[in-house]
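Q: Two chains, two separate frames, one set of hints: put the complex together.
Chains as they are written, first to last, in our numbering: chain D, 1 to 233; chain F, 1 to 473.
Derived by calculation from the structure, the hints in this document are not laboratory data.
One should not assume that every hint holds.
Some, not all, of what chain F presents toward chain D, calculated at C-beta under 8 Å [unchecked claim]: (1) Val395; (2) Ser427; (3) His440.
This one's a predicted model, so the numbers in the text were calculated from it and none came from an experiment.
For glycine and all other residues, C-beta sits at the position ideal for the given N, C-alpha and C.
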Amino acid sequence: MSGPEPRQMAFDLPALDAYGRDDFFASPANRLALATVENWANWPDGRLLLTGPAGSGKTHLAHIWAAETGATIVPGAGLAAARLDALVAAGDVAVEDAEAVARDPADQTALFHLLNLTAAQGRRVLLTSAISPRDWGLGLPDLLSRVQAMQAARLDAPDDALLSAVLVKLFADRQLVVPETLIPYLLARMERSVEAARDLVAALDAQSLASRKPVSRAMAAKLLDKADDPAEY
Amino acid sequence: MVSPQRRQKRTVVDKNEMPNDTWGKARDELRQTVGKNNFVTWIEPLKLSSLANGVARFEVPTTFFGDWVSRNYSDHIRHQLANHGSPVDRLEFAVTRNAATRPNGTSLEPAETRPAAPARAASNNDDLPGAPLDARFTFDSFVVGKPNELAHAAARRVAEGGPVTFNPLFLYGGVGLGKTHLMHAIAHELQARRPELRVLYLSAEQFMYRFVQALRDRQIMDFKGLFRSVDVLMVDDVQFIAGKDSTQDEFFHTFNALVDQNKQIVISADRAPGEIKDLEERIKSRLQCGLVVDLHPTDYELRLGILQQKAEFYRQQYRDLKLADGVLEFLAHRITTNVRVLEGALTRLFAFASLVGREITLELTQDCLADILRASDRKVTVEEIQRKVAEHYNVRLSDLIGPKRLRSIARPRQIAMYLAKQLTPRSLPEIGRRFGGRDHTTIMHGVRKIEELMATDSQLADDLQMLKRLLQG
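One chain only, chain F, in its complex shape (with noise of 0.2 Å):
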């Protein structure tokens, strides 16, 4: 670090303008160019205590904060700060001496080294009324990219088990973006670290059936007392409770209660509090007065990279499967909106090609997924039939249909007939009148001839896997 002294010379601040004036007119700026929500959450927190010598110190309540605004909004802010007259080479940001969560001389960062010895599962817990954990749901499992670095970050701190910094954390974003997975990891985490805290994680229709439950058997006391004895509580998918009025309620005093007891809450919803439907005002508002954070719809990288993570571990598990170049590239392009189906995915060309012994090529794979790649299982019409596959011959439809005999004609009409008694449930009288009133015994002729002609011809055997798929497509 700079000693200030040796800067001495180089103050800024105008003798007759407040640190703070600048630092208000740069505020004002920087709520335009880094957007409403993420300004109430990271710039407007921020106090400046003091602006000299090019360094401008800012008070944050937490190392994490400071950390973050540092990584994310560092040359906004030096942008604003020069934009009004104040230059600055760099920001420091110290923690509030006041803040009295924190012991001092207690390092905020996280302890690099684990415990030895894996926490007794749960032992604290026992009579917490929890969800099971999945135990693949890990920090080390999580994959972290641009749209859930934040969420990850704020995730591990809660994780770390120090002083509550933000309360309750937050958590929403549209569905399998890993919400959950950061939930159960939170607390695996905990349970390691600091066994001796009373984790409690489960989801809100969960907590509601407790309540109900705890109603009808007039235990309702035994509720209050076993929810509010807890030292972290996390609940999970909190828009189930919107809408049921004494659930929402024992739940707004539940999380008051821990609250004030400065016990960490972790909350997921689908969508921002705000955007709840049928939640009450103030639960919004309490729900709002922590960190949220959202976990945005992932991009082509993260996927990618949670593809190569999972198929990593399944490549161990079945070690005699293959797996070729391009069939991550492809799911990571295809499937984008969700990663509970994206890593489903994979998950089911596993145990497919491992139960049909082959190895899972792009082909396997359109075959496998094609519930989720296609847009839909059409109906193929026999006359959709007929024009696929005159066009694919380069022959006139009428002629496909017709009573031309030609060799170049005759073999794509039976391609057609086999395809149309393939592909449709017509009965083949039925086919037979859409091939220009053929009987029957035709089309059984030209099918059976196709059935022949594939097993020894590949270039018409992979003709017909093309057109298959060209229809059902």
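Just chain D, with the same shape it has in the complex (with noise of 0.2 Å):
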């Protein structure tokens, strides 16, 4: 081809997520955090804290939970503005990246009375957070410590196994199709966390619209190699 190569403007749009319970895959990673969330019935004084990197599957647990019992998802940020009271009363609440709270003293002492109305009324908690209470940076020690007694799970930074199943899933949701053989080649060459498949995956399909070309092994050594140090190879 001579000259420029024809280009496509590429809008990312964001790709639909699936979050039901058959689009949840288990893995060595996530596979206790999945079976304790299932057995909500018998956690400790009705309460879990699920823990774990960006993209490890936390919002998909919660909506499978919510699903299941009927919950309520709502920000950690900004709990201060929710009609307490209201939402306890409606059923289960989950509340997703509580850290957040520890930014605004109001949110903070919101999840506070979160916490003691859901005890009171007997409905059941699930927070979600991407670190581990210690470190959220709570001001509000009474808060800390409810948060700290929980039973917690955590999701463990991707296996292998996992990532592959995030690779494919990211794929399939932007309907590309892919070599077999790709998967295991961008899992030996990239940066094993579910961000980067995601960029990663995002980027390829932009670069394949742009270049009106199939995703292939060749167009993601191009990107990988651009991404990384050219000292590599």
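A: Structure (structure tokens):
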């Protein structure tokens, strides 16, 4: 081809995430957390804290649980603005990214009251967080001790099996057909996190759209080369 | 009791000195030796009624008061009396006769027998807007140790439901030391012993919420009527109303109305009344005029006692679970700040062990409770891994990274590669670069080699576990 390659503008439309139980890929990194969430009827005091790095499946598990229990999912940031009594009256509650309450004393107090309210009314609570409560930076010791006393389940950083599944799912979400051998190829060369997988697949999608070529190993090699220190190879 | 007549001859009171002068001097010394708080609470209210025949008689407001002083301060008091020329063999405490609070002949001692049938739950309290009580928070499940024995004794006393002797009972202490537990226990006990009493337990934030709601709905008279109709009012975490002016105001009036009717009030807070910021002075002083009791931080024995009791409970709930020796001691030693976290830790352990169907060992404990046992979730770097592995296998770091292919170096190098892949999200080419510019296939080979060996070599598996813990420590 001569001259500049024709390029198509690519919009990074967020792919729809499927959050059903059947869409959850169980691997050793998350099997225990999944089992704990599914055992919700036996959570001590009806509470669970789910921690794990970005992309490890916290939101997915929260949705699985909410679908089973009819729980309402609310974000931790801005919790003070929520009508707590109405929320608890409606049923069980999941607070996503609960560590965000630490940024605002009013949100911390709201989470504290939420825990007391749910306990008083026999509701269950699921908190999700990327980091452990010790590192949230809570200024309300009464809240910290309550969260630390909660049953906790940890989602580990993805192992190879999980990361392969994530890659396959990410390509499928974007309706990209890729050669089978591409997955192990990427796995051996990429940073091993779900975030990195997301970025990589998005970049390959954009590249493929722009160059009007299917995603291939050569395309991936070029991309990984660019992202990496050129001294590597 | 020794008859006073028999000891007539041994009068030790100097004729020129009134007993109360001796007591006055002894008291001044006691202020130094028992500390200001204890002095104000326990020594100052003592009235010396006679000092003769080797016996010092004191008037005290209540039997409980006398018991407590006798158990905790009698040595101090006798010592100081002796220092001021009035040695005594014995202290006696009599409840002030003109105390109008007690009908004659009624014993203040706890009734030993409980009502045979459990009280109809909150029968008399249906209209009260209280918070539900946690059925687990009873006196039976409260583990008493030195740091909390006074609070426990005072709570027991209130729970007898007898005449009001100190008002309010103010319990304070750090987070998770048992304030709420004691308050619930009082309510449970009162419901069982005196079902006719109207007992209202609620948190300060609920008090505020009710008050604001009553204001909004123009039902403030109902609110006042309701709160002033109770026999026992218990308000948890009173520090929450600090700075909320109209709520404080209403609280103050409710408080006074109940005290005037001689109704018992129990208050808790995370600190002493005088130290609650933005609390009105008049409320502070009101809160201080009863019995102010501090729940001290736990000591090792108390923590172990709490764990043992809780573990016994769980053993019945999870019958197949085994708890290894030393786990409770380890927890009592490591989780020192907070009983809620301590109990939560044990709850978490049993729930986790039951889920995975394994014995609760020290190893499982460290795994399950990493977030509270460890100081931080450290992000491990490839360099740290290399350093620790080199140290552990006693090889030079330069050799570990360098090109030598001796087996004694190659194996530790593969272990470091394996750990780098396990504990960091670095890409394999990146890890290769940090191992002297090796190819990512070399890293893959090393990782696979270790995975194979681990399956058969238990020494290696142990080493890896140990190194992992060391690195994530």
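Q: For each hint, tell me whether it holds in the structure or not.
A: Now for the hints, and whether the structure bears them out:
For the restraint placing F/Val395 at the interface with chain D, the shortest Cβ-Cβ distance is roughly 26 Å, beyond the 8 Å limit, so the hint is violated. Taken as an interface hint, F/Ser427 checks out: its beta carbon lies about 5 Å from the nearest beta carbon of chain D, inside 8 Å. A hinted interface residue such as F/His440 counts as satisfied when its beta carbon comes closer than 8 Å to some beta carbon of chain D; here the least separation is about 6 Å, so the hint holds.
Of the hints listed earlier, the one the structure fails to meet is number 1.
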